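Residue numbers (the numbering used here), protein chains in the order written: chain A, 1 to 132; chain B, 1001 to 1105; chain C, 2001 to 2316.
Since the hints were made in silico from the structure, they are not lab data.
Being a predicted model, the structure only gives us computed values, none of them experimental.
A couple of the hints might just be wrong.
DEER-style ranges, computed between Cβ atoms [claimed, not checked]:
(1) VAL1082(B) - GLU2173(C): 20 to 30 Å
(2) ASN2072(C) - ARG1049(B): 15 to 25 Å
(3) MET1019(B) - GLY2255(C): 51 to 61 Å
(4) LEU17(A) - VAL1082(B): 31 to 41 Å
We put the beta carbon where it would ideally sit given N, CA and C, even for glycine.
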Amino acid sequence: MLIEHIRLFAVAVKNALRGPITIDYPREARDYSDRLRGYIVNDKERCISCGLCEAVCPAKAIKFSVGPDGRRYPGIDYGRCIFCGYCVDACPTGSLRHTQLHEVVWTHLNTFAKYAEGDPEEVDGRPRRSLL
Amino acid sequence: MAWLIFLLALTASLIALLMAPRLLAPRRLTRAKEVRFEAGNPPYGKARRRMVMQYLGYVYLAMATESIVGASIALYLIDAKVLWAALVAVAAAAATAYVAARGHD
Amino acid sequence: MSGLAAALLYPGITAIFAYLLVAIWLERKLAAKVQWRYGPLYVSRWLGGLLQGLADALKLIFSELVVPSYTNKALFTALPLVVFLADALPVMFIPGAPDLVIYRSHYGLAYVLVILLLATPAIVAMAWVEADKFTYIGALREILMEAAYEVPLALSLFAMIILYGPDPVQAVEAQSIPGILANPLAFFAFFVSAAMATSRFPFEIPDADTEIVFGPYTEYGSTLLLASFGANYVALYSFSLLGALLFLGGWAPFGGLLGAAVMLAKAMLLTIVWLILRAIYPRLRIDQALRLGWGSLLAISAASVAVSVVWRLWLG
Ligand code: SF4
Ligand code: SF4
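Start from the sequences and build out the full structure, keeping to the hints where you can.
Below you can see the structure in the form of structure tokens.
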């Protein structure tokens, strides 16, 4: 009975000495390996406006809008997107691409629903730490 | 004197703590802030509803036992010679409470 | 002069508020460490996030103080302060060093016991005035918790009074060996019932935030939350000073300023053990706590009185 309680304390002390496995958040980033399905960017040079990405999207997150050159480009509504990656797989030219970013902030509601207008910087200089 | 200073300073700092938001914080009372908190729902029914009394026995036990223990301690403090009487009273009260609590559930 | 220092610095006002800051930080940090997290770190990184509590307090000061219209407004605002005062009052009788006592009384320990037991009625009154469903349940649980711990607490202190007399200053001088060795049973009963009184973890039943929002503190925001919830930690401060005084030998073996530091260190040591409970134990049900209080804890505290009597007989 008493031994059990002492063991509880011992486990607590052992854990406390182990050190954190979480990241030091705003300064570090978790390394999720490069297979992470993160924020999706569209290379407008390669996009042929075929609309396959819109057709395949299970969450109906993709809407097309007219870009500055008069062609139509997909834009993802991240309020709906479930990051399944189907659009990236469906894209015949490979113009849609996942990035490593998964924590993107938009200051305006309309920017992120449009084609790539709100594209964030792709790199941040933070050190990355993997879980194991 | 020190105890008065202590009490006054403590009260003063608490009152200052209470007054600070009145001066610094915004005040926009809305209906939703005014009503009783009910985890986001509109309040309904009485706040003080009927409660199960299955543990009331413990409170009763505490009242009875605590009065005996408290009285024993007080008597012992007044006159150290009654230690034995106080001990007997405490032991009897504790034993009774122990047995009574065992029969509780 | 020393009375003034005691009132304003240590063990008085300054120490109380500093303790609030440190204890809340320690609690969060310790729980974080045990759970493999960092804990508060963002504010004042060079201090390990110690000033996070200050930042939280500032944030609370700048948030609106809402007094609901359906309550008794005067009582609603006054009772958190009463609770805070009631939890800080025992500090008046506990010396922080040989001369550093706010109110020197021959019956100090008895006063401390009475005030510690009277803090609960203040909390219950507060919860009653707030009058919503969660505070009502919290008040009932608070009453039941007091029913569980008050007799063991009184008995364990009685045991120490039999050993050392009711004067807290003389209690240190009377300790040739620390009280924890002289009467470990009393220490155990004191430790557990203090955890119950300040709702430390296995007994964090009245303000179980996963069940009843925040128990007796539910309706409060802004600085009223600070006062009402901070009161818990002030009670912990009283308990840890009392524990350091009675069971860990107080300021012994030093005196003066060094003695004060030693006593504070001992109190912090006790505090750390109380705080780390949060990361170790799950919350008990109220009936389990009651059964514990009226079962083994009552038996242990009664036995501790017997141990003290045996010591008295042996020493004459
Ligand atoms: S990742 Fe999935 S949900 Fe998101 S836009 Fe592409 S297809 Fe739609
Ligand atoms: S599937 Fe690819 S190429 Fe076709 S519209 Fe979408 S992004 Fe452009």
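- Message: Quick check on a hinted range of 51 to 61 Å for MET1019(B) and GLY2255(C), using CB atoms only.
- Response: 41 Å, violated
- Is the hinted range of 15 to 25 Å satisfied by the C-beta distance from ASN2072(C) to ARG1049(B)? 20 Å, holds
- Message: Is 20 to 30 Å respected by the C-beta to C-beta distance linking VAL1082(B) and GLU2173(C)?
- Response: About 25 Å separates the Cβ atoms of VAL1082(B) and GLU2173(C), which means 20 to 30 Å holds.
- Is 31 to 41 Å a correct range for the gap between the Cβ atoms of LEU17(A) and VAL1082(B)? For VAL1082(B) against LEU17(A), whose Cβ atoms are near 52 Å apart, the range 31 to 41 Å is violated.
Violated hints for the displayed structure, listed by number in ascending order: 3 and 4.
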